[in-house]
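Using the hints, build the complex out of the two chains.
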Amino acid sequence: MHYNINNVIMLHTISFMTEYHQNETQVKDDQAHIELALSDMANFRVLYEKYYETILHYIYQRVNSKEEAYDITSQVFLNAMVNLKKYSFRGLPFSSWLYRIAFNELNMLFRKNKNRHCINIDDTNLHEIVAELGSEQNDDKHKLLIALLASLPVDEYEHIQMRFLEKRAFAEIGEILGITENNAKVKTYRIIDKLKQLMLKKMN
Amino acid sequence: MKNKININRKPLTPSDIEKGKNFNALIENYKKATIPFYKRKLFYYSIGVAASLIILFFVFVPQNKQYTPLAQRPFIDPPCKNLQIKFADYIVPAEQGGTYQYKTGSKITVPANAFLSKDGKIVKGDVNLVYREFHDQADIMFSGIPMAYDSIKQLASAGMLEISANQNGNQLQVNPKALINVQMACTDTGSQYNCYYLDTTAKKWVCISKADFIKTDSIKSKSISTQDQAPRKYVMEISDTSSRSIYQDKINHIGAEIKKEQSLLASITPVKPLEPKEAAQDIQRFDIDVDSLQFPEVAVYKKVKFQITGDEKNYDSNLSKIIWTNVTVKKAADASGIYYVTFSRNAGSGDYRNESHTFKTTPVFEGKYYADAKEKFDELNQEYLNKIKDKKLALQRADSLQKLQVLLAKQAALDRAKNAQDYALTYKIDINAQRRVDSITKAQYKAWNNVSKKQSQVTTILTSDRFEVRVMNFGTYNCDHPLDYPEGPKIAARIIDDNHNVIHPYEINLLEKNVNTVYKTYTYDGLTTQFTYSPKNINALWIITSDGRVAIVDETEFKNETKGFGGEMVFHARLIDVSLDDIDKTKDLLYANTFTDNHLLSMK
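If you read the protein sequences in the order shown, they are chains A and B.
Just so we're aligned: the first sequence equals residues 1 to 204 in the working numbering.
Just so we're aligned: the second sequence equals residues 1 to 604 in the working numbering.
Just so you know, these hints were derived from the structure itself, not from any lab.
Just so we're clear, the structure is a prediction, and the values are computed from it rather than from any experiment.
Check before you lean on any hint, since a few could be wrong.
Examples of chain A residues lying across from chain B (beta carbon under 8 Å, computed) [claimed, not checked]:
| # | residue |
| --- | --- |
| 1 | Y48 |
| 2 | Y52 |
| 3 | I119 |
| 4 | D123 |
Don't be surprised by glycine CBs; every beta carbon is placed ideally from N, CA and C.
Chain B extracted, bound-state conformation (with noise of 0.2 Å):
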């Protein structure tokens, strides 16, 4: 942007500065602006205007604001994303097929070149296969499959499969000279069953055959056990990861900052520079090439003499005019800056013979040469100080992130705890839930010891034979047959909580017991729900709620009728604990909570 520029203009003046004083001029804005609300003329037009609205609202908006109209909800309407049955991933070589089997024993046969791209080109190299099955009540609920036929009619299951491939996130189609088969396990087998194709297109079932079953006696049964363990307590656990992975992350970098620091520290070795001397006049000195690795602090310097020291009286000049073979210098174990250096003689002959004579010196430099070693050793020392600082400085470092190390830790620690104390208070604000999530896990645990004691009787019990589709298209087969709605009374239904606060459901599932379907209603204003129900029939419901959570309606309901809300059927329902994620779990539930004994048993 281009701003405007004044360049050296005139400051205000002490007169300038007092003109724009007028501190009386402010107190009387002051007071205008610090006048209540409620005794201004605004207030009394807000509160018409905010009355009319809120009037408006209540008669024309639907109270329920996570209400879903039935129109925007998709055909096939998984009501919980969180509980799906997952699939099974085959990897097929498409130019070879194979045969694949599912965990219920059910066997896919994929002929050689099976699939086609989209542009109906034989697919080469290794296809995504994915399958899955539903085989009861909760599995067609949480499947989102509706099971509505013809507008008039209900499907109840003996089997579904769901059936698609893949190549590299592209989806494939079936190659009609080539069909995969599949032999799908079933709970049930009989005339009355056909084979059924789901067209998501024209959003509708459309029968394809009569249900093929063939014998399968060499295929041992499999059964599809729901009940392998008891059902943990569904109390919500504190979770602390968050707080912790925020403050870990930071504890991980300044750890990694200390290591740092401590190379560094490492690498720095100061080491102090020797400081030079001047030769002393009729002191004997020797001429000595020092080793550069062995006497560093030496061996910077030019022209060392290594000078006898003064307390040194073993030295005779005599010596001087023997030639020695060996020189040794050997600095001295303190700082003292002294160096032995020994003479030794092995060859030749005479006196001197296998002698060798130490002496006390110390390095010094004549003339010219003590100047230069004099400027050598300052810029050294400046070197050595340098290195000290750094190492200090170098340490202190390492020293704080050492202590905000520790300091994150314990807020961590004490962040933790605060949210454990947090969600404590918060539970104990919230006792009903408290003695909710209790009564539901106490009914939990007796239905589960009681099952487990027949454990046959909560398995989903699968026929020797199997149901044979040829799959024509990818997408959703059913073995079904039609049924009729249940005859009985029409009702507006409300559900309600333990505390009586109204449910708002999503959708509500109708079940009957050994009839292996669920029909599907929606509430007309996200509150009330019309349905019929047949009473000769042993009826149970189960309730996605509008917040995601599942419910149970249990047969006991129907049997005590309880008018309420003008003469709407009032049915107390159960949430299961909404931290569910498992659908084998949530189907344990289920079935341990729904009908006095469990309806698996008796539905084949």
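The shape of chain A in the complex, shown without the other chains (with noise of 0.2 Å):
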């Protein structure tokens, strides 16, 4: 059979099912929290154990050190709690809003400093874009990759980043850059373009 680029996408957006995708049950649940914490911010612990690993991990990705890791993270959950009554539930998992002001805390701080902004590379992830980009596996090719990532701005990485290495559902990639599913699909494959037009430019 062949494949037209929507059924490829189709195919990873199911091989890409991440923590993104909850059930209603743990959604309520959550919702059953947020009500809780309105009412009395101490419950909001119940969220914060939940959440912090996750985002922690989330923003540890990008920055440079734990200690400025933890500081924004506790920055993100002191957010979450002030602005709780301005929470709308839209049948998306709390995460996703933790996830989005974790991602405006992150861009505030590379705004005043360019050079705070980390690539955090776990090289058993290469492979996977070598292979969308339509190369051959090897030591060379990871290496290019890893060059031109590097030189991606901060914006077009974090599609790679959050599509390829943290292996997120594009949904999931919409809701935290604020754009739409669909969008976040095309954003990211045109990088990927890109980054196969650099590639078959420095080989040549």
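Here you go:
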């Protein structure tokens, strides 16, 4: 059978199911905890315990030190508590909202100081990007890819990181970046195309 | 950019994660962050600063933000950009010239080679000549042309004209050796009139000569009708064009997509391939070449044989010994896969002459050809299944698009309804605005009814004589005579509307009945206007507000002296609806609501 690009993307979406996908009960549980926290912020502890690790990991992947990650994570949860009244349930996991706060917090940091953006790559994940680029798997290609990733603007790298290194669904990427799922998909594959071109150029 | 890279950095351990957790500290920070602003010191500092700023603002800053200082206004300043007298355009062949007639009956005579380019060369080819006239007070007001003369006088006009020419957008000059002649219809004649040219560089009127009038008995006098039809009700109509266009674009786009899907659907024609069967032992079969157009499902295979079916009882092996002249194959109408093979014989002699025999057969393959056919079938069948799937998908897409189109149409209808509702709500809230519009509309209709009975009273009467101008420079010419400014009390006037809200004037135009000029005055603070008017005359005001509306203070207001605001004179104005953008209709309203009887009749 021949697959068109939509088929391919659809297959990726299926294989990239992450913790973003929560069942209805989990989502409703969060909603109940939010209501409790609104009456007494001490009740926010449950949500804090539940999502602290996830958010810390997300932030740690983007900064250089643990201390920095701790500080930003605390700021994210503080912002979440202060703005909890503004949170409106739209059927998405609460974590999406936290990621979005984290994304904004990091953006503010990088705007203030561009040097603080950091790329953390587990090289076992590189083969997927190389495969996506339609290239052969070898050390040279991996090294070249790392160099190319490092040269991408922060916002473009963010797409690649979330999609291929953190294996997030496009819906979740869209939610974090404040764009539509389709837009996230299109942008990500545009960046892949760009990487492909850059790689070909470098190889020639 | 170059980012810092860490490869295979050690991940966070559970103890690392625990180390960062501190909910108690977070709660403390939360409490600090949520102290109400009014309990913080910063609040009191802010209050102090804000109060100081407010005081400074009221002491030093003029209150009307929209007030445009006089110094910043252009010399020719049309107060309403959408209420302008339109230019007439004439295409003039420059080498030949020509004679052109304006709607008032004025005649423009262009001699040959009347135009020069910027560098003084004679212009050839078609030239765009633009021309317009101003005949009454409304024309003068909306033109923005100043009528003040020599700082102490005012020009009263019998008619003004503006003329210029361009070629491909480049302004042209007059050829002094071939002057354009204009015979302009005017509202008055007499020895008091002069011809003036508006020098826009020196910013003043320049008297050129005494006005030349020529008798043109042969030309019938024309009137400029300002009252062809009843004033329409100047109530804003609910406009849904924006929302409609947004949705319509989408709906149209989806319509195009649906068409694409439908044409795709039409192009997908899945044909189920014929499944090959292996030839059976000891059953008669025929080797027939079939037409690939007639039987494409058979022709795709090689070496097809047509084998007699098991239930065919008519076959006689003796028939195979006869030489048949014709063989035809016909497919069964149902999908049974049966083909009827008919043998017939027209030539020759003997028992079988003119005989024909038809047998039920099925296509079969022998040995290696069966394997080949089987392989071909698998390939064709896969294509067939793919086509079925594609067709199904195209159908689904077309169906979804149609549903989306219906939804959008519904949404567009809802939005239109919502716009209408919002408008109605807004309109209800501003009941006073409604009343104002209603009252002025009634007044307009009443005035129109009165006026329409005496149609001639509301037309600008033009004389049969013509004011002759030899155009030495392109620009504005005026047939005028200077007047003294009105003599009488100097007043500081404020204008209020029906709801006693103060109107902020951009400019105020004082009118005197029967005097064809407007005395333009401006506010000195955005609110109050000082001017002198003559109580001996019948006066009125036309006001252009700072937000671009037109208001009328009619003659009765000058009779009711109302004092207010610390001794200033207060005039009550009626606003004409802001949606007006038609100069003729606006003029109708102005003239119908300013003086108790139409003054244009007696202007002559």
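Task: Minimum beta-carbon distance criterion (8 Å), D123 of chain A to chain B - done: Holds: closest Cβ of chain B sits about 6 Å from D123 of chain A, inside 8 Å.
Open item on the list: Hint validation: Y52 of chain A versus chain B, beta carbon distance must be below 8 Å. Holds or violated?
Closed with: Where the cut-off is 8 Å and the nearest Cβ of chain B is about 6 Å from Y52 of chain A, the hint holds.
Open item on the list: Tell me if the interface restraint on I119 of chain A is satisfied: Cβ within less than 8 Å of some Cβ in chain B.
Closed with: This hint holds: I119 of chain A lies near chain B, its Cβ roughly 5 Å from the closest one there, short of 8 Å.
TODO: Go through the hint on Y48 of chain A and say holds or violated, using the shortest Cβ distance to chain B against 8 Å.
DONE: Interface hint status for Y48 of chain A: holds (5 Å vs cutoff 8 Å).
Hint check: no violations occur; every hint is consistent with the structure.
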